[in-house]
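Peer 1: The residues making up each chain are set out below.
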Amino acid sequence: MANTSTTTTRKLGKAIDLKYQPGFSQIAWFCIAVLYAPIAVLVFFSFNENRSVTVWTQFSLDWYVKAWNNEGIQHAALISLEVALVAMIVSTIMATMAALVTTRTEAYRGLNSAIAVINQPLMVPEIVTAVATLIFFAIIKQVTGVSGIGYLIAAHTAFCIPFAYMPIRARLEDMNLSLEQAAADLYAPPFKVFRRVTLPLMMPGILAGAMLAFIVSLDDVIITLFVAGPGETTLPLYILGQIRRGVTPEINAVSTVFVGISVILVTFIFLFGKNKK
Amino acid sequence: MSQQPATAAIDIRETSKIYGKDRASGVVALDDVSLVIEDNEFFTLLGPSGCGKTTLLRLIAGFEQPTHGEIVLFGEHLEGLPPYKRPVNTVFQHYALFPHMTVAENISFGLEMLDKPATEISSVVKEVLGLVQMDHLADRKTDQLSGGQQQRVALARALAPKPKVLLLDEPLSALDFKLRKEMQVELKRLQNETGITFIFVTHDQEEALTMSDRVAVMRDGLILQVGNPSEIYDRPARRFVADFIGDINILKGSIVSRDGSLATVQLEAGHQGEAGLPMNAGSLGQEVSVAIRPEQLSFVADAAKANLSGTIEHISYFGSGFDYAILMPSGEKVMLQIQNRGGENLAYQLGDQVHIAISDNSMQILTD
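Top line first, the protein sequences correspond to chains A and B.
Mind the numbering: the first sequence is residues 7 to 283 in our numbering, read in order.
Mind the numbering: the second sequence is residues 17 to 384 in our numbering, read in order.
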């Protein structure tokens, strides 16, 4: 008897469970393959011994050593890191403030417009932003005579803000306002409510926002291409330049390291977020 | 036995809360309410959703500011004081425990904000944890607790700073039936032990009657009646109060004579008898509604002793007793409730012609 009843429940489960719909696993595997096969091929040939990125001969780490010793790559990587770090920090701070003011205030006139204005850069074609930024910065340079990497960092910060804003705002909207009211009820003045309750609880959102901003800045091409001055070649720009002269596994090696850094970053943030809970 | 007049814990004076521009275009959540809550009272605000009970609580806590009027707490005017400067604490409907802190950290939060010394904090935390019987779970994270345990932590957290008044915003509504019963007893005990004034908001009439010293019944931003549970249940002044709290029969009648708070009424269904009369209500000969609780009616065999008679139209059984719906010649129906005493009940069957007696002092005239 017991046996029959378990079979029935399982059958019922199967009918509802998406995993048991016909073709589900085939489609899933196809999607995963489309997503990851190119990256797998790229990583695979980074360990190739010869110059070809299509014909395998033998395993070697030569291209990693070459890439590591390549001054062009070193310089580009440092520029990328510098720009991405500063852009991440500044844009995350600004996005956090924007998220607070769009979720932790009484509804005010223009609130929806404010949210739209913050998110709008995501909708504008990047090439338009790039050209606009280029012209705008050219005017400023002409007037002030100041040049340098600051322009590139400012441009990155600006387009990172909506990316950082999204997860932070989502987190704040999920957080019940009654927690902050409870803190105020328990004699915490506004600043202490923020420091002891709001900030720790919104931290996973801030981390996710910062991570997103960092990655978006790290792999930006179009705006960087327009705004970057001489000596401000970022890693994506360097790779783009090299590819014009033909692809070597050196590019594969750099790209593989790039993927590795992203994976490590995501894992770290994921574990950190879990521990916090 | 004290000769001294009791101190008012909270004195709410002609207080209104209007959302929107003005009375005409806005929403009147609280309409010119005056109310005095005594020290060491278990006071309940009872009413359906939207009646203004939670708004009143939030005005006392300081989450909202009144549009008109003032609130005085133990002689101190609260006007303009933010929540963190008011010596009141709230138990929130969904507890609002800090998820990133342990049970003990949650409870010590208020004390830390008041800059109490560490030794005092740890002893108070221990004390209130004992009070709500949660000592063994001090180091748990709050999301590892059951609903009933979270409830206890929320109570402990609000009691720890020893507030002058504790505000409870429907704290039992998320618990299942048995746990709710348990917590009702628990809350009453805590109020007795701590001597803190409790203001309890609920829409559950049974909860209100079980725990409270006094109850205020609210509707549409107004307080309709304030009294102890027995006054509210046995002597409802308004039709809404009578209807909202428990089952009740409302019969038509007219006033034959009156004497202070009592009147003699002639029921349309036949009987003449004494009924309680709310203040300033009812003139001679006036048509009135008369309320009688179903359990104040009983079957009698002797027609001479009966006040009403009719035919049994419906019987419903609810375990501990029976409800009989009886249709009277006047066209009105009354509900009669009796305890389940085995065979005795079998004497009355569907369609039987029955005689009914009304207990003394059980009729009450209602105003609308």
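These aren't lab readings, by the way, just hints derived from the structure by calculation.
Values in this document were obtained by computation on a predicted structure and should not be read as measured data.
Backbone N, C-alpha and C define an ideal beta-carbon position, used for all residues, glycine too.
Honestly, I wouldn't trust all of these hints.
Said to hold, decoys possible - Listed below are several chain A residues computed to face chain B (Cβ distance under 7 Å; list not exhaustive): (1) 183; (2) 191; (3) 193; (4) 204; (5) 210; (6) 213; (7) 236; (8) 266.
Stated by the list, open to error - Straight-line Cα separation of at most 25 Å, SDA-like style, residue types lysine to any residue; simulated pairs: (9) 101(B) x 110(A); (10) 157(B) x 180(B); (11) 198(A) x 37(B); (12) 268(B) x 226(B); (13) 157(B) x 274(A); (14) 101(B) x 111(A); (15) 198(A) x 110(B); (16) 321(B) x 348(B); (17) 198(A) x 268(B); (18) 72(A) x 274(A); (19) 198(A) x 101(B); (20) 268(B) x 194(B); (21) 198(A) x 117(B); (22) 72(A) x 198(A); (23) 197(B) x 160(B); (24) 37(B) x 115(A); (25) 132(B) x 66(B); (26) 157(B) x 176(A); (27) 157(B) x 53(A); (28) 198(A) x 130(B); (29) 132(B) x 205(A); (30) 147(A) x 205(A); (31) 204(B) x 268(B); (32) 194(B) x 245(B); (33) 37(B) x 110(B); (34) 37(B) x 66(B); (35) 198(A) x 118(B); (36) 157(B) x 247(A); (37) 132(B) x 242(A); (38) 132(B) x 196(A); (39) 72(A) x 99(A); (40) 180(B) x 225(B).
Peer 1: Now tell me, hint by hint, if it's right for this structure.
Peer 2: Here's how the hints hold up against the structure:
Interface restraint check: residue 183(A) against chain B, minimum CB-CB distance 9 Å, threshold 7 Å, status violated. Checking residue 191(A) against chain B: minimum C-beta separation of about 5 Å stays under 7 Å; hint holds. With 7 Å as the threshold, the beta carbon of residue 193(A) comes within range of chain B, its nearest partner Cβ sitting at about 4 Å, so the hint holds. Checking residue 204(A) against chain B: minimum C-beta separation of about 11 Å lies over 7 Å; hint violated.
Because the beta carbon of residue 210(A) sits about 10 Å from the nearest beta carbon in chain B, more than 7 Å, this interface hint is broken. Contact between residue 213(A) and chain B, as hinted, is not supported at the beta carbon level, the nearest pair being about 14 Å apart and thus beyond 7 Å. Interface restraint check: residue 236(A) against chain B, minimum CB-CB distance 48 Å, threshold 7 Å, status violated. Against a cut-off of 7 Å between C-beta atoms, the interface hint on residue 266(A) is violated, since the closest Cβ of chain B lies about 32 Å away.
In summary, the hint linking residue 101(B) to residue 110(A) is supported, as the alpha carbons are separated by about 21 Å, within the 25 Å threshold. Under the criterion of a C-alpha separation no larger than 25 Å, the hint pairing residue 157(B) with residue 180(B) is inconsistent with the structure, at around 28 Å. Taken as a hint, the residue 198(A) and residue 37(B) pair is broken in the structure, with Cα atoms around 33 Å apart against an allowance of 25 Å. The hinted pair formed by residue 268(B) and residue 226(B) fails the criterion: a straight-line CA distance of about 31 Å is larger than 25 Å.
A C-alpha spacing of about 23 Å is found between residue 157(B) and residue 274(A), which places the hinted pair at or below 25 Å, so the restraint holds. Pair hint residue 101(B) plus residue 111(A) holds up; C-alpha atoms about 20 Å apart against a cutoff of 25 Å. Restraint check: the Cα-Cα separation between residue 198(A) and residue 110(B) comes to about 22 Å, which is no more than 25 Å; the hinted pair holds. Restraint check for residue 321(B) and residue 348(B): the C-alpha separation of about 20 Å stays at or below 25 Å, so the hint holds.
Our distance criterion of 25 Å between C-alpha atoms is broken by residue 198(A) and residue 268(B), whose separation comes to about 61 Å. Of the supplied pair hints, the one linking residue 72(A) and residue 274(A) is violated, its CA atoms being roughly 28 Å apart against a limit of 25 Å. Restraint check: the Cα-Cα separation between residue 198(A) and residue 101(B) comes to about 13 Å, which is no more than 25 Å; the hinted pair holds. Under the criterion of a C-alpha separation no larger than 25 Å, the hint pairing residue 268(B) with residue 194(B) is inconsistent with the structure, at around 39 Å.
With a C-alpha separation of about 15 Å, the suggested pairing of residue 198(A) with residue 117(B) holds against the 25 Å cut-off. Distance check on the hinted pair: residue 72(A) and residue 198(A) sit about 53 Å apart at the alpha-carbon level, beyond 25 Å; violated. Between residue 197(B) and residue 160(B) the alpha-carbon distance is near 23 Å, which keeps this suggested pair within the 25 Å criterion. Distance hint between residue 37(B) and residue 115(A) is fulfilled; the C-alpha atoms sit about 15 Å from each other, no more than 25 Å.
For the hint linking residue 132(B) to residue 66(B), the alpha-carbon distance of about 39 Å lies beyond 25 Å, and the restraint is violated. Simply put, residue 157(B) and residue 176(A) have alpha-carbon atoms about 24 Å apart, close enough for the 25 Å limit, and the pair holds. With a C-alpha separation of about 48 Å, the suggested pair residue 157(B) and residue 53(A) falls outside the 25 Å cut-off, and the hint is violated. A hinted pair counts as satisfied when its Cα atoms are at most 25 Å apart, and residue 198(A) with residue 130(B) qualifies at roughly 12 Å.
Proposed proximity of residue 132(B) and residue 205(A) is supported: the alpha carbons are some 23 Å apart, at most 25 Å. For the proposed pair residue 147(A) and residue 205(A), the alpha carbon gap of about 38 Å is over 25 Å, so the pair is violated. As the CA atoms of residue 204(B) and residue 268(B) are separated by approximately 39 Å, the hinted pair breaks the 25 Å bound. Taken as a hint, the residue 194(B) and residue 245(B) pair is honoured in the structure, with Cα atoms around 22 Å apart against an allowance of 25 Å.
Between residue 37(B) and residue 110(B), the direct Cα distance comes to roughly 31 Å. Violation of the 25 Å bound is thereby established for this hinted pair. Distance restraint check for residue 37(B) and residue 66(B): the Cα-Cα separation of roughly 19 Å lies within the 25 Å cut-off, and the hinted pair is therefore satisfied. This hinted pair checks out: residue 198(A) and residue 118(B) have alpha carbons roughly 18 Å apart, not beyond 25 Å. As the CA atoms of residue 157(B) and residue 247(A) are separated by approximately 53 Å, the hinted pair breaks the 25 Å bound.
For a cut-off of 25 Å, the pair hint linking residue 132(B) to residue 242(A) is broken: about 56 Å separates their Cα positions. Pair hint residue 132(B) plus residue 196(A) holds up; C-alpha atoms about 19 Å apart against a cutoff of 25 Å. Distance hint between residue 72(A) and residue 99(A) is unfulfilled; the C-alpha atoms sit about 38 Å from each other, more than 25 Å. Proposed proximity of residue 180(B) and residue 225(B) is supported: the alpha carbons are some 23 Å apart, at most 25 Å.
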